[in-house]
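Based on the sequences and whatever the hints tell you, model everything.
Residue-level listing of the chains:
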Amino acid sequence: MAEAILVPQVGQDLTEAKVVELHVKLGDQVKKGDLVAVVESEKASFEVEAFCEGTVISLPWQVGDTATVLEPLMHVGAPGETVAEAARSAAAEPAVVPAVAPAAQPEAAQVAQAEPLVAKVATGVVNAALRASPIARRVAAGQGLDLARIAGSGPKGAVVLKDVAALAVGGAPTTGGGALELRTLQAGQGTPVVFIHGFGADLSSWRPLVARIGLGSPMMALDLPGHGGSRGHGAADFAGLVGAVGQTLRGLQGSVHLVGHSLGAAVAVALTQRGDLDVRSLTLIAPAGLGASVDGAFVEGFLGAKSEAALAAWMRRLVSDPATLAPVLVRATLAAREDADLVPAQSRVARGVFEGSTQLFSAAAALRSYQGPCTVIAGRDDAIVPLREIEAALPGHVALHRLDRVGHLPQVEAADLVQTLIARTVRSAG
Amino acid sequence: MAERELMYREALREAIDEEMGLNPSVFIIGEGIAERGGSYKVTEGLLAKYGPKRVRDTPIAEAGMIGVGVGAAIAGARPIVEILYVDFAMLGMDMIVNQAAKFRLMTGGDGRVPFIMRTQGGTGGGVAAQHSQSLEALFYHIPGLRVVMPSTPADAKGLLKYALRQDDPVMFLEHKHLYMTKGMVPDGEHIVEFGKGDIKRVGTDVTVIAWSNMIPRTLEAAEELARQGISVEVIDPRTLVPLDREMIVNSVLKTRRCVIVQEANRRGGVASDIASIVQEECFYEMDAPVEIVAGMDIPVPFNLTLEKASVPQKDDVVAAVRRSLHLDPFAEAAE
Chain A
1 MAEAILVPQV GQDLTEAKVV ELHVKLGDQV KKGDLVAVVE SEKASFEVEA FCEGTVISLP
61 WQVGDTATVL EPLMHVGAPG ETVAEAARSA AAEPAVVPAV APAAQPEAAQ VAQAEPLVAK
121 VATGVVNAAL RASPIARRVA AGQGLDLARI AGSGPKGAVV LKDVAALAVG GAPTTGGGAL
181 ELRTLQAGQG TPVVFIHGFG ADLSSWRPLV ARIGLGSPMM ALDLPGHGGS RGHGAADFAG
241 LVGAVGQTLR GLQGSVHLVG HSLGAAVAVA LTQRGDLDVR SLTLIAPAGL GASVDGAFVE
301 GFLGAKSEAA LAAWMRRLVS DPATLAPVLV RATLAAREDA DLVPAQSRVA RGVFEGSTQL
361 FSAAAALRSY QGPCTVIAGR DDAIVPLREI EAALPGHVAL HRLDRVGHLP QVEAADLVQT
421 LIARTVRSAG
Chain B
1 MAERELMYRE ALREAIDEEM GLNPSVFIIG EGIAERGGSY KVTEGLLAKY GPKRVRDTPI
61 AEAGMIGVGV GAAIAGARPI VEILYVDFAM LGMDMIVNQA AKFRLMTGGD GRVPFIMRTQ
121 GGTGGGVAAQ HSQSLEALFY HIPGLRVVMP STPADAKGLL KYALRQDDPV MFLEHKHLYM
181 TKGMVPDGEH IVEFGKGDIK RVGTDVTVIA WSNMIPRTLE AAEELARQGI SVEVIDPRTL
241 VPLDREMIVN SVLKTRRCVI VQEANRRGGV ASDIASIVQE ECFYEMDAPV EIVAGMDIPV
301 PFNLTLEKAS VPQKDDVVAA VRRSLHLDPF AEAAE
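Chains as they are written, first to last, in the UniProt record's numbering: chain A, 1 to 430; chain B, 1 to 335.
Incorrect hints may have been included.
Unchecked claim - Taking lysine-lysine and the DSSO-like style, the derived pairs with C-alpha atoms no more than 30 Å apart in a straight line are:
hint	chain 1	residue 1	chain 2	residue 2
1	B	Lys161	B	Lys182
2	B	Lys314	A	Lys156
3	A	Lys162	B	Lys176
4	B	Lys200	A	Lys162
5	B	Lys161	B	Lys176
Derived by calculation from the structure, the hints in this document are not laboratory data.
Put into structure tokens, the structure is as follows:
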């Protein structure tokens, strides 16, 4: 079905805009985000991007023309399709259209059909006056949902979070129902110890360490959004991660000890600020979220690596002595990527929390106000999150253990010491 | 830790008493505060304990009192100047705004002004337009001043003790309706640092930010909303300057909805400024516009019915919370 790309409203009360550049001609292929034209008013010029993919099938205006705003600037459809056909097919389109992408899970599809999905704009044209809350827009974009096709329950028909959440695949990010994968690695008595992995890992990475810890407490671990069994969870920025983990841990109904590695350590610290979770102690291993830097090349290289050799080359950066990096760890990471959704999901998280070599989040203030027992363990040779930045950000009441000849994976490189320190921290909280 | 139930005014008295006992440079002046023990009985008994040099009645001359306080603070003392109504502090605005607030910066940090102005504001019982104002926004606007607005006896005590140990001018704004309210206060040294908000009620659906007498009112609204199945988180910043932005932002990121309640009239108020912070930090996470519940932009009427109508009441808070959840604001009330 053809879609119209409209002449944008380039200023308040303006009815016309001049077409100053056209970057496409009839028959060109465009994809979402392509710059297709520039229009201007007396005061400003405006770049027009394609919001859908297809072939340009009509182009009513030429460069230099004065076009009417909110009229089609071009139509994009299937090759050979004409605008008249597009209009007819739009008219024939049923009033209720599925808003969920074909990949939707069965339950989601049922939900979609049960919802009053009135197609307000039958041609799928972007409605300039479309009302939606910012979070509803973000969730819809992340889920590939077209807001124009969702019946809004907010004021004056605005689409709000609950309208989108009802349609979102795998639950809306960071809102109710989006529980993360949480597993008990070892049963026990008392306050559970919950392990939160770092970027690119998953809960199974804790198994070797947990097996060594001689505590009687239940040992649990979870998969962060975009990782492991939570890869379908759409949360893709730091607040979203913290919200999703908080939501999940709330189900434990009480106190927890938290052990976090890298990004997971920053999440653990931020969780102490939620009023609804009693964090009894914190053990932070090579914590992110204290300084500003992260090895951006590593993040990019790690995500982009497709062969075992390439992945091993990047993962060696994680450790001080390459010999401590077991080939099985590299192979397990590679094997997990056989699920084609995993790397895109992790990339989405990476874009949300890192920008190049910068961490876009901070847990430093939260750590300063946390009063429970807290132990920080970091390697002097950490190439991913620099030790000096961790040192600089630590408040005086937090103990720091700096390990010689250890990199970003103290739990692998110095597993005995790390398990001792975790046990000591948990016990000190009583 | 053990704790006792105290009235707000008793908690304030304990703070002054304890700090006067610890630090001989603390003194207090004001209208009727010595012989009479103060119009709100905050300073009762202090004259007998500390004598007329440290607990001193003044003539009805606010400009002079504030000038004495600011000057004494610059000279190294720790004065508390009690102003009967915040409305009357307007007489001392030059000393507060042009002297006390600027001195530290203009002396390159050499000079400090640990001047505490204790006063009270807000509506309560038909005392008319010149005795009912909530003027925190005037002080909030001036860089260099600390603005403190305790809502509970424990906060009143802890914040006043902290005020008497730090070195900047403090506008300590009490509320005439709160003096007789009771609450638990921890035994022993109880200090509340500036810039640390307090979550007065934990909730998940909507964040409501309020201070001073709007806290008890908001907590009542939260109770009613809980009966409707709506979970409200009530945040009390306790000090407006410095403001605990982090607590506010974290809460709104959690609930995605924000209501701000202030007794002061709306135009140019602190609520508007907090709303701007919330939208700047949380816009893309929010599911509804920030709601502000504030007083009307009019002088507070003398007539009690009109006075009540001019400032936020419990039902106004309930309606705003429901609007932020895209619910009919009055549906439940009608049932």
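Hint check:
| no. | hint | result |
| --- | --- | --- |
| 1 | Lys161/B with Lys182/B | holds (19 Å) |
| 2 | Lys314/B with Lys156/A | holds (26 Å) |
| 3 | Lys162/A with Lys176/B | violated (42 Å) |
| 4 | Lys200/B with Lys162/A | holds (27 Å) |
| 5 | Lys161/B with Lys176/B | holds (20 Å) |
Hint 3 alone, counting from the list given before, is not met by this structure.
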